[in-house]
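Trainee: With the sequences and hints as input, model every part of the structure.
Just so we're aligned, residue 1 is where the sequence shown starts under the working numbering, counting upward by one.
Hints are supplied without guarantee of correctness; some may be wrong.
Unchecked claim - Computed list of lysine-lysine pairs in DSSO-like fashion (alpha-carbon distance at most 27 Å, straight line):
| no. | residue 1 | residue 2 |
| --- | --- | --- |
| 1 | K200 | K228 |
| 2 | K134 | K152 |
| 3 | K249 | K200 |
| 4 | K228 | K102 |
| 5 | K200 | K134 |
| 6 | K102 | K134 |
| 7 | K102 | K34 |
| 8 | K85 | K152 |
| 9 | K34 | K134 |
| 10 | K134 | K114 |
| 11 | K81 | K134 |
| 12 | K200 | K152 |
| 13 | K249 | K225 |
| 14 | K225 | K102 |
| 15 | K81 | K34 |
Stated by the list, open to error - Per label pair, the in silico range of CB-to-CB distance:
| no. | residue 1 | residue 2 | range |
| --- | --- | --- | --- |
| 16 | M169 | V88 | 45 to 51 Å |
| 17 | D99 | Y231 | 45 to 51 Å |
| 18 | I252 | I132 | 49 to 55 Å |
Hints in this document: simulated from the structure, not taken from any laboratory. These figures come from a predicted structure and were not determined experimentally. A virtual CB, placed ideally from N, CA and C, is assigned to each residue, including glycine.
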Amino acid sequence: MKIALIALFLVGYSLFAVACISATPTGMTIAADKYSAVMVTSDLSVGTNRVSFGLVDMEGQPIQSDSVDVTSVYFPPEEEKGILKEEVTARFVHWPPYDGSKGVFVTELYFDVKGPATITDPGLWGIEISAITKDGTQVEARTVLTVNEFSKTPAIGDIAPASSTPTLMDVSDLGHITSDVDPDPDLYQVSIDDAIVDDKALVLIFSTPAFCVSATCGPQLEIIKNIKTRYMGVNFIHVEAFQDPHLIKEGIISLEPVRTMDEWGLTTEPWTFVVDSDGRVRAKFEQFVTEDEIVIALEEAL
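Mentor: Structure below.
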């Protein structure tokens, strides 16, 4: 399995161009002349979804605003006119290093029908984005979405996959199971399969601090460490995305994802999951998520 690590705003425009070429309904202009939307969320399915995206100009430079207006549109197969489905606001969430240079827009959208945009199933979803930047510039952008019938990752309400993950007891050095330069032993005390039957809530993060292209894995893990200090009755687990990180650092082997990534259907990272004491997934977050969002989800799971 190849992991698609996101270098947001560096490759975003080229990815967007490919999407426009591969799936564009007649009569729909996917990108505005000056601006493009770059999807960060890769796993969308029927139901309510946390959706994150970036905005870039023609030179690939990020566009920022405190919030943007988002309209979702569904294009039925063989129909030229889209059906307006929902109008929401997306807020801007700063990404580390929090200097204002990186971030995405985040909102929730409900999809009532699948839209995989394939030859055999050509239904298509899109979003239209409107914003005014801090300097007063009007921004309009559009992009297409792939919405599957079922989530590729564990769905909200599903029993979490009972994956067996390595713990501190399985290795002589934590560097064999994490690329974190300052690992917290508490995050490697229990395997996922044991944690989900432990009658405790679980916060689980898949990340690779040393090899993360988006540079958010390390900061995301630090947020998990911080939350852990306030919730002593909750299990916290970090799963390194790649096998044998110590050998990767030494240049002996190349990046090879751990089996658990495949068992959870993950092709990007970081991912953060909140699981309740019954072992059911209560929240999931692809890419960077703020401490406040995780805490809110955890409180709801307790």
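Trainee: Looking at the structure, which of the earlier hints fail to hold?
Mentor: 2, 3, 5, 10, 11, 17
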